[in-house]
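Trainee: Residue numbers (UniProt numbering), protein chains in the order written: chain A, 1 to 342; chain B, 1 to 324.
By construction, these hints were calculated from the structure, which means they are not laboratory data. Idealized CB from N, CA, C, for every residue including glycine. Treat the hints with care, since some could be wrong.
As the list claims (entries may be wrong) - Examples of chain A residues lying across from chain B (beta carbon under 7 Å, computed):
| hint | residue |
| --- | --- |
| 1 | S67 |
| 2 | N104 |
| 3 | E112 |
| 4 | S113 |
| 5 | H147 |
| 6 | P149 |
| 7 | D173 |
| 8 | A191 |
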Amino acid sequence: MTVTEAPSRRKLSTAKAMVEGIAQEMERDPSVFLLGEDVGSYGGIFSSTTGLLDRFGPQRVMDTPISETGFIGAAIGAAVEGMRPIAELMFADFFGVCMDQIYNHMAKIHFESGGNVKVPMVITTAVGGGYSDGAQHSQCLWGTFAHLPGMKVVVPSTPADAKGLMISAIRDDNPVVYMFHKGVMGLPWMAKNPRSVAPVPEEEYEVPIGKASVVRQGRDVSIVTLSLSVHHALDVADELAGDGIECEVVDLRSLVPMDTDTILESVARTGRLVVVDEDYLSFGLSGEVVARVAERDPSVLKAPPARVAVPDVPIPYARSLEYAVLPTHARIRAAVEEMVGA
Amino acid sequence: MEPQVRADLYDMMVLIRTFEEAILREYHADKKPVFDIGAGAIPGEMHLSAGQEPVAAGVCAHLTGDDAVTATHRPHHFAIAHGVDLRRMTAEIFGRVDGLGKGRGGHMHLFDPNVHFSCSGIIAEGYPPAVGQALAFQRKSTDRIAVAVTGEGAANQGGFHEALNLASLWKLPVVFVIEDNDWGISVPRSASTCVTSNAVRAAGYDMPGERVEDNSVEAVHEAAGKAIARARAGEGPSLLEVHTLRLWGHFEGDAQAYRTDLEGVPGRDPIPTFEASLRADGLLDDDGMRAARERAQQRVEDAIAFAKNSPQPEPASALEYVFA
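Please put together the full structure from these sequences, using the hints given.
Mentor: Rendered as structure tokens:
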């Protein structure tokens with residue numbers, strides 16, 4: 001029997017793409033190693049490290065005790081001594097037990113040392129809700145990390161970006177917080193977004209940190225967003241196209257640095273801005289995007305901007321309540337329709 | 001103990017004390033008549049280590065610049081004993097452009113990668129990074145070790161316990177050092193923990209724990225030697241607590257009204273005690289003392305002059321070094 005090689009547009013889930021990026025870097029650079037809770041034989045609670053233990057052994061894929069201050073601090077120490085650790089904080093919600101190591105140490109050492117000490121490490125962490133995991137396991141919180149200077153913050157939405165951003169994050173000489181939404185990972189036990197499995201190049205490649213992506217072009221309104229909300233925005237854009245409304249969708253891909261130019265160029269084309277953010281509304285990403293547009297050139301706006309975010313309430317447990325506060329397809333659509341006067 | 005080792009320990013303690021006295025003088029010189037913490041050539045909080053010299057001198061005598069030290073918000077004695085560049089350290093304390101951090105760090109945030117020295121203003125939080133440095137050393141198959149220093153108040157922090165657990169679990173070459181100066185700012189040890197010796201906490205992590213009771217540099221040197229040799233031999237971490245002495249306030253400007261032990265403090269100054277011991281053994285006389293102080297004075301004055309001659313950082317450069 002002849003087996004025909006599949007075309008190169010091989011499809012992977014976001015989780016597998018992320019793991020492939022880690023594995024290729026571990027092959028390339030012996031200083032890369034991984035540590036965290038259940039990253040070994042379990043393979044990461046959200047499949048972020050599946051298969052790595054078998055491939056690289058317990059010296060380079062280290063299961064840790066439930067001890068985030070300890071192991072994230074240890075990653076910092078290893079990084080300043082020239083290694084490139086990837087430390088997984090199982091849920092971003094858990095940062096409260098280890099934030100000191102993150103923002104007082106990891107993010108400040110380079111600055112405090114006047115540039116003499118580098119901390120080349122990655123923190124990976126799962127974010128986001130939508131599956132009734134409650135107020136302590138469903139937050140995004142990227143605005144909090146992005147607010148504190150000294151760490152880059154990347155948030156992929158697609159498998160290809162997940163791999164390329166991971167490789168960039170590992171190679172970066174700065175600390176990078178890599179936040180992956182559970183809803184984009186393509187996990188078999190979670191309602192699957194159809195775009196969570198998509199073509200991913202096999203070779204190593206970098207997706208530059210700090211460059212947004214215009215994932216759909218349109219003339220009427222710019223939806224600026226990231227992570228799972230990109231997929232909601234694309235769904236809304238597909239629907240509204242039938243009604244003659246053309247949405248441009250901008251995937252930020254990183255909060256720090258933020259690609260203000262791409263946002264501005266998009267809003268200049270469409271004249272209208274809807275920011276969609278699964279993090280809390282106040283003092284966060286959505287306000288930041290609006291502020292940057294307003295500061296740079298408010299004249300590009302034909303209408304007041306709109307924000308669709310979590311309205312400053314802890315994420316509720318009951319499905320009906322949770323979906324009332326998440327930036328759902330329906331809320332995004334309503335915001336766009338109101339803005340274009342449809 | 002070898003006479004030369006004792007002489008070297010003495011020289012180091014004198015250098016540290018001379019430095020701290022100079023910083024004390026410079027710090028207060030321009031804060032009179034009204035104390036303003038942010039004013040003057042050395043602005044901000046200042047935590048001096050007078051009285052704790054035996055710990056730094058005794059421990060660091062066993063280290064080379066390839067070994068790592070993470071110290072606390074009271075870092076000068078360990079920085080000096082571990083060989084941090086004295087001029088650039090002083091310039092950093094003065095907030096000058098030639099400082100270790102080009103004026104970004106200040107006295108609680110000294111980083112000298114040449115000797116793997118760092119310190120932190122957050123209690124107990126230098127412990128986990130030391131574990132990571134030790135992990136890196138272990139992976140590189142060296143005999144380098146990491147020394148993590150805290151005060152006794154830090155032994156009640158989570159980071160302390162997490163670090164001890166990890167280091168023991170992974171059998172890492174770390175020596176955890178606790179400087180018990182009896183006071184966590186104004187709260188005595190007796191009001192903050194139920195154990196009279198933090199060394200017993202080592203047992204909870206299956207590592208040796210030893211407490212040196214009398215702030216003797218020779219006793220510290222001996223105990224640290226054992227712990228460090230064990231770490232270098234790949235036998236894992238140890239905990240060493242030294243009952244030391246905070247001779248001055250928690251920070252400069254601290255009136256210490258809360259202290260109940262001040263009356264006896266001058267008599268416990270470890271430097272005259274060590275001098276008496278060296279004299280009794282015929283290893284030190286007036287000339288020797290004078291020579292040691294002059295050598296120290298020269299180095300300290302040179303460092304202070306270097307710092308004062310270094311310019312203030314350009315305001316326009318304030319945003320530099322956030323990212324590499």
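Trainee: All the hints need checking, so say for each whether the structure fits it.
Mentor: Evaluation of the provided hints:
1. S67: holds, 4 Å
2. N104: The hint holds - N104(A) has a Cβ within 7 Å of chain B, the shortest such distance being about 5 Å.
3. E112: With a minimum Cβ separation of about 4 Å from chain B (threshold 7 Å), the hint on E112(A) holds.
4. S113: With a minimum Cβ separation of about 4 Å from chain B (threshold 7 Å), the hint on S113(A) holds.
5. H147: violated, 13 Å
6. P149: It holds, given that the least Cβ distance between P149(A) and chain B is near 5 Å, below 7 Å.
7. D173: Status holds, d = 4 Å.
8. A191: It is violated, given that the least Cβ distance between A191(A) and chain B is near 36 Å, above 7 Å.
Hint check: violations occur at hints 5, 8; the rest are consistent with the structure.
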